[in-house]
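Trainee: Residue strings, one per chain:
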Amino acid sequence: MTAEVLVELDQESLGYGDQVIIRDVSLSLHAGERVALLGESGVGKSTLLAALRQRLGQQAAWCPQHHGLVGPLSVYLNIYMGRLDQHSALVNLWNLARPLPRAWQEIAELCGPLGLEGMMKRSVSRLSGGQRQRVAIGRALHQQRDIFLGDEPVASVDPHQALGLLEMIDQRHRGSIIALHQRELALTHFDRVWGLADGRLVLDAPSNRLSLADLDALYPSAVASLPESTTVQAQEKSATPEGSLRCHRGRS
Amino acid sequence: MSLKYGDRYPGLLRGTGIGARLARHSLTLLAITLLLMPLADLHVLSRDPWAELGRIAQGLLMPHFGSIDAPFKALGLTVSVALWGTLAGVVLGFPLALLFSRSRLVRAGCAFVRAIHELFWALLFLQIFGLSALTALAALAIPYAGIFAKVYAEILESTPSAADDALPQGTGRLSRFLYCELPLAFGQLAAYTRYRFECGLRASVLLGFVGLPTLGFQLESAFREGRYFEAGAVMWLFYALIASLPWWAHRRLLLPLTLGSLLLLGPWPQIDGALLWRFLSTDIWPAPLLSGDLPGLVAWARDIPELLPAIGNTLLLGLLGTAGSLVIAMLLWPLASRHFGNRLTRAAGSGLLVFLRSTPELMLAFVFLLLLGPSLLPAWLALALHNGALIAFLVARHADSLEPGMPDLPASGRLAYELLPRVYPGLLALLYYRAEVILRESAILGMLGVATLGYVIDDYFQTLMFDVAFALLLITACLNVLVDALARRLRPRDVTHDDPCLRQEQLSYPR
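Top line first, the protein sequences correspond to chains A and B. Residues in the first sequence are numbered from 1 upward in steps of one, following the UniProt record's numbering. Residues in the second sequence are numbered from 1 upward in steps of one, following the UniProt record's numbering.
Any given hint might turn out to be false.
As the list claims (entries may be wrong) - In the DMTMM-like style, the derived pairs of lysine to aspartate or glutamate whose C-alpha atoms are separated by at most 25 angstroms in a straight line are:
{"no.": "1", "chain 1": "A", "residue 1": "K121", "chain 2": "B", "residue 2": "D165"}
{"no.": "2", "chain 1": "A", "residue 1": "K121", "chain 2": "B", "residue 2": "D164"}
{"no.": "3", "chain 1": "A", "residue 1": "K121", "chain 2": "A", "residue 2": "D85"}
These aren't lab readings, by the way, just hints derived from the structure by calculation.
Start from the sequences, fold in the hints, and give me the full structure.
Mentor: Below, the structure written as structure tokens:
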């Protein structure tokens, strides 16, 4: 309850230009909190994350949807790009020709736990989907920021790897907001769930008070036959006032 | 029972669908062409064209390689000029590409230098640098810089932005470019540069027609003097050079080739600064303009005699060439498509198309001119055959990528119902892309004796009236820019740029 608020939105509407995609959203992320962002495709998860990224600026590490990697460049260079802003253009240019020894060392240490060892010189276009995913996460980790923002960063890896990657993300950040589709993972691995539907934040609750059925309500086209579920999660929301029952993570 | 308005029986060529619209469009183009055709001089002026054609064919079939004077020197110079001309074009064009979308001045300048044919640039530089390597390089590099600026800018603009968006905020512009845009666009940039080099090779051969000692020089003199066995040998040499391109212009050989060919370039001119300055500041401008005498300028302009007929002929030939290309492309593309004929006809069809599109228009026109005499007819044939074959080749490849929904239709049904509706919009779009090139070629064909702008320009350069020649060059460029704008408006808009056929023509050409 007393944990520091890292980022906060208060009754804000988000979108691009004149087009509003999410209306009247209020939320806050506290230090040490892991948040899962759920909702159907196209509901505005990416819009919310982009707005938070904008808000957080230099505090946030960013792992975009579909990776946003540069195929022809090597794994090393793609991960190095996480800190492109911290070097001068001349240094960056030199690094293209010959890797900076310190950056190479740091990235090699990152590649080990990511399962990318021995691949640093390979171009990303020759990697599998899962490997690219890990490169994209590696690039975000290399940024060494406080807060991790990920748009489906574990969408194309198997559940076992997903757990390992989320673990790595947790260890290196004070808070994280991660959009994903795996509902089970949202309940088991995250402290809090934000759910978007119909252009609104309809769910904001600690994960230990939620069940899979509650999360199903976020996917109305899949469970159109269960109209009462919205009321259930509305009750849930009113029963858990903002940030009151934060679950501690028990990091050892 | 009355039909609803939308289902009423349509008249001939009525309807609002894209097919009916394009059909009306094309038929209008052909009708205008037929209407204006009587204005063109299409006479056969030579006495016995068939016998001459027979002798040329004989020369081609039985080439005499021993009679070419120093073939390797000419080959070497041709390749060196193409390589270094293209390279200089890249060096000049690349920085312009970065400014292209931001500066109207850069866009206008690039459109202007693009609009003047390589050979016209060569004629201009010939007056300054003489018959030297510098003339050849500048003639290629300057128009290519304009082309590279435009195409590179388009390629860079169309790179996906996802990687760029993922970069940390505050990353510098140069770093963004080096790490995202450049690597993502590199494949396309390289492919286009390669295609342009191939064009440069053809242009380099053609520079022989204005006297530079490349392959074209020997070709021209052999043809002109009726030594067809030698001309045939040079032609074969040229085709071998083009056909073996993938082997000798391999990526790994490029650096040694570039450095080695530097030694083959020459001769280098003595540059007289004062003379150069006088040419640029005085010689190419009308004297009344420099002295601020406006009535004098009007009188000066009135003294250019053959101007209007030359402009008329150029535009007419451009129109004839465009319509002719449409007809030729429609006739030829099924020959090379996998949907028609048997293996033998397809091989023959593809062979014909490759032959016609690898032979530059100017070379074709030159041969036809020998056969038919200097009317618009040989120029028209050359333009229609070359460009028609080029379009037909791309359309056939597009058609080959399509799978007919009803494979058992007879050939005519397959053509009319399955394939033509799908490939025709692309064909027409390609035609309008080519229209600008066709007009540029129409002007340049005058140098061979056809009564278009090139004839007049060449004439004034030879009589050292640089002011008139330069003014005519400007007029040619303006015509070209105008026609390009017109073609852009007429081009079917519903055709997406994702059309593989179009992208090839624009960017990577058949690799």
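Trainee: Each hint should be assessed against the structure and marked as holding or not.
Mentor: Results of checking the hints against the structure:
no.: 1; hint: A:K121 with B:D165; verdict: 23 angstroms, holds
no.: 2; hint: A:K121 with B:D164; verdict: 21 angstroms, holds
no.: 3; hint: A:K121 with A:D85; verdict: 22 angstroms, holds
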